[in-house]
Amino acid sequence: MKMIRAFIRPEKEQEVVLALEGAGFSSLTKMPVFGRGKQKGLQVGPVHYDELPKMLIMMVVNDGDVTKVVNLMMDKSRTGFVGDGKIFISPVEATYTVRTGEAVL
Amino acid sequence: MKEITAVIRRDKLQETKKVLEELGFPSVSIQSVDGRGKQRGMVCDNDLDPDLPDKFCTSVKLTPTPSTYAIEHALPKVALFVPKRMLTMVVPDDLVTKIVKSIISVNKTGKTGDGKIFVLPIEDAVRVRTGETGGEAIA
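In order, the protein sequences belong to chains A and B. Heads up: the first sequence at position 43 corresponds to 43 in the numbering used here, and the numbers run straight through without jumps. Heads up: the second sequence at position 128 corresponds to 128 in the numbering used here, and the numbers run straight through without jumps.
Treat the hints with care, as some may be off.
Unchecked claim - DEER-style ranges, computed between Cβ atoms: (1) A:G45 - B:S102: 19 to 27 angstroms; (2) A:D84 - B:E21: 35 to 43 angstroms; (3) A:S90 - B:V126: 13 to 21 angstroms; (4) A:A23 - B:T130: 42 to 50 angstroms; (5) B:K17 - A:G45: 44 to 52 angstroms; (6) A:D84 - B:R40: 20 to 28 angstroms; (7) A:R36 - B:R127: 19 to 27 angstroms; (8) A:R36 - B:P26: 26 to 34 angstroms.
In case anyone wonders, no lab produced these hints; they're calculated from the structure. Model, not experiment: these values are computed from the prediction. The beta-carbon is built from N, C-alpha and C at its ideal position, and this holds for glycine as well.
Please build the complete structure, drawing on both the sequences and the hints.
Right, dumping it as structure tokens:
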């Protein structure tokens, strides 16, 4: 299993979630976060925004589904401008469902 | 070292913290998150069956958060989310099973929405105050 953490534009969140749901990946956790990237924030005239709001989508999927989910997220959240976000993938050793106590995803 | 990420019900947080404290592991980061699972965020029974009267509704009925968003952007529907608490803790390898078991025992209600627990590997940890690394940093 792999954990996918995607930092996307907040306004793209609904589109991404619905696209994932359509592909059969309905389970995810989201949280609002603030961050900056290579461009050190955003300069709009005299105003400099150091930290920009992003939506962090966290989901754990089986190894075989990682590429599919990542491609879907990239397709739906891409605008082509800086600030589209990043996707990180990390290994997960075990998953438990609290309701049943079983170690399944 | 392992990282345990548990997404649990909001009202079970205090009990979970108490249990972790009894285990001698009080260090935990807590976050408010929104999540959805297999049920796609529908927490109410009459979301599935609209004819079911409200008194049979087992939990609080949630209103779609960005309700106008779907209409504005011509989306087929609104994605629903359930508010949850996320606990993150980094623990030594030998304690993982014990902590996971106790989190499950406290949070188990048998209904959908009890949450998930993920165990991730962690390579290193640093205590900022002293600069200790590895096992000492989380002890």
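TODO: Mind listing which of the numbered hints don't hold for this structure, in increasing order?
DONE: Violated: hint 1 alone.
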